[in-house]
Amino acid sequence: MIFPSAEFDDAVASACHGTIAEETLTDLLELLRQDAAARDEYLWQTALHAHLAHAAAFLPIDLPADREPAGEKAGNPPLRYEMTGRAAWSSYALALAGVAAVAGLLSLVGFGFTGLTTTAKQPVAPSPVIARFGALDEVSWVASDAHHRSGDPIVAGQQLELSSGTARIDFVTGASVSISGPAIFEAQSGLAGRLTVGQVQVTASTPESKGFTIHTRTARFIDLGTQFNAEATADGHCWVDVISGEVLVHLAGSPASTNLRQGEMLAIEPGGRQVSVRIERGDETPQFCFATIEPPSDSDYADASQGKARTFLAGGQLMACDSDPEFSSGPVARLVDGRAQGSADAPLESVFFAQNVRGAFVFDLGQVVTIRRVNSFSWHRSRFVSDNQVRATQKYTLWGYAGDEPPSATEPSVSHGWERIARVNTDSFFDVARPLDRPAQQGCSIASETDSLGRYRFLLFEVHPTLAAHDNEVDHTFFGEIDVYAEP
Amino acid sequence: MAGDAANRDVRSQERFLRLFLASERELLRYVAAVAPNADDAREIVQDTAVALWEKFDQYDASRPFTPWACRFALNISKQWLARQSRWRSILRDDLASQLVSRRMELDADIDHRLRHLQGCLEKLAAPQRQLVDGYYSRQIAIDRLAAETRRSAEAVYKALQRTRHALQKCIEQAVREEMAT
Chain A
1 MIFPSAEFDD AVASACHGTI AEETLTDLLE LLRQDAAARD EYLWQTALHA HLAHAAAFLP
61 IDLPADREPA GEKAGNPPLR YEMTGRAAWS SYALALAGVA AVAGLLSLVG FGFTGLTTTA
121 KQPVAPSPVI ARFGALDEVS WVASDAHHRS GDPIVAGQQL ELSSGTARID FVTGASVSIS
181 GPAIFEAQSG LAGRLTVGQV QVTASTPESK GFTIHTRTAR FIDLGTQFNA EATADGHCWV
241 DVISGEVLVH LAGSPASTNL RQGEMLAIEP GGRQVSVRIE RGDETPQFCF ATIEPPSDSD
301 YADASQGKAR TFLAGGQLMA CDSDPEFSSG PVARLVDGRA QGSADAPLES VFFAQNVRGA
361 FVFDLGQVVT IRRVNSFSWH RSRFVSDNQV RATQKYTLWG YAGDEPPSAT EPSVSHGWER
421 IARVNTDSFF DVARPLDRPA QQGCSIASET DSLGRYRFLL FEVHPTLAAH DNEVDHTFFG
481 EIDVYAEP
Chain B
1001 MAGDAANRDV RSQERFLRLF LASERELLRY VAAVAPNADD AREIVQDTAV ALWEKFDQYD
1061 ASRPFTPWAC RFALNISKQW LARQSRWRSI LRDDLASQLV SRRMELDADI DHRLRHLQGC
1121 LEKLAAPQRQ LVDGYYSRQI AIDRLAAETR RSAEAVYKAL QRTRHALQKC IEQAVREEMA
1181 T
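Chain order of the listed sequences is A and B.
Residue 1 is where the first sequence starts when you use this note's numbering, and the numbers rise one by one after that.
Residue 1001 is where the second sequence starts when you use this note's numbering, and the numbers rise one by one after that.
No lab work stands behind these hints: they were computed from the structure.
Worth double-checking, as some hints may not be accurate.
[What the hints assert, rightly or not] If you only want the chain A side, here are some residues facing chain B, beta carbon under 10 Å, derived:
| id | residue |
| --- | --- |
| 1 | Glu7 |
| 2 | Asp9 |
| 3 | Asp10 |
| 4 | Ala36 |
| 5 | Asp40 |
| 6 | Ala50 |
We treat Cβ as the ideally placed atom computed from N, Cα and C, and that holds for glycine.
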């Protein structure tokens, strides 16, 4: 390859599009190593592409209209679309104005979040009133110069930043959104809002409010005539749980959608893998039946009967009760024996760490394999204390590593080379306020909306104690089985 | 005590989010030098966000956030590239670092050129603007764009390349005219 040439331009373009052939890429990189002018031209062409592409990253992943068009699958834009370049660029400018507003706010409050304001993006034309403040319960706002009262209007594009308390927003369509601080929420239209961080509860019970959509950085949740909770955190992790009715979940950048029904919950990890975590309550029988998650299996890749993987402890200590061995944990191998517990309080058939320490176990799959999904199962109801089901909670972070020697598991992190696949906290999902809110038997399935969770040799389960703020019990999960579905 | 800790965590999240959002675009541009495909760049920047949040307690608030974040982005990019069989060779002879470093040197010049982008977008012919809007703003999949315009995916990619080329020429012309006045 030489520079300048049509071949060079074609190679850079296909690199931008993600379609470059391996041989062409090798030639291009070799040219970039040798030719400074080619490097500069490559950087200019990729900068232009990136600028165009990432302008879109700051826009809501919206349909052109406020609501999903009838008869169209949500998330797929209509086949016929009108030119909206100017509008899109205006939106981009608005989005940048929003960022600038945040920056301005920073300089105003000097990182201190006292006081009271809402930040409105600079509109190019008067924005319509799309909602009004409803009940405001002990609300304090991020900045100090806002004095909102119930009934005050909210215009399209207005950003609400709560430090604490709960603010209800009543949209003109009949939808209502209760925002719990700390939160940053933008009221986008009568049928849409963007949750940057924080928690909301959405109720859309009128025909006009059907299709109300909450956008987060990594997904959008479309209300199909129902009530649901959604939460988003600083790094893009978000989750939704359906209180009643149905919610359609779309992951950013994916045409696929997932339908959630009453009682179902889904967490979405940030990143290109589009990892989702589904958590369900079991039927509290040794068969471990769930609504959609398959029961514990002896045919998964990591199962002991397959002879392909080994499991070992990489941190913490399993509970060992010398005075009464019946209350000790079973060995780590129990996790891959193809079955979970036979009863609700079976320590020896469970794997659990000693109290109040973080533990870790590793699955070495013997070679780098494509991980399709990971299922974990727990069951606990104390035979002594009827409302103690705390060991059913699953609270862990799943990490992956593709090399031959895994990095330290003491404090796994991205910077050490581990890739974080998913975070699980079933108490958050089940919104546990009282001990008996927590299902005694729980299943968790980690999967991807793309083809796989990734290719790894090692899976690290970093297990956290099940301390909950509202009860003082600190215990570790009774894991009954972990199934890893994978293929070479 | 638990409440104080929770409040600190919440404030820390808010502070991180604001700093990260303000830097995100810069990070995407920085990463694009070694991962030009937009989806790849977004994945790397998202992984960078996770790493930054993990280490946020080590961030020195007296220093600007973006350069600190860019150092993480470079490391995460290299880890990501090492996992891609196709792109792995960009790490040989430290080409990835060279590209990123040169990209930073060209930053002011590229920013200057990109100030003319809006005007040049407006000069595009309607079908080209429609293509830019569909592919970049609406992020419509290439197969769908191809079906809509009754062309092959390859033809749509080629049309996108030509459109960018037209924008590039227009911008360079605008810069020349600006310098002449």
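Structure-based check of all given hints:
1. Glu7: 13 Å, violated
2. Asp9: Asp9 of chain A check passes; min Cβ-Cβ to chain B is 7 Å, inside 10 Å.
3. Asp10: 7 Å, holds
4. Ala36: Interface hint status for Ala36 of chain A: holds (8 Å vs cutoff 10 Å).
5. Asp40: Asp40 of chain A check passes; min Cβ-Cβ to chain B is 7 Å, inside 10 Å.
6. Ala50: With Cβ-Cβ at 3 Å, under 10 Å, it holds.
Figure legend: structure checked against the earlier numbered hints; the only hint not met is number 1.
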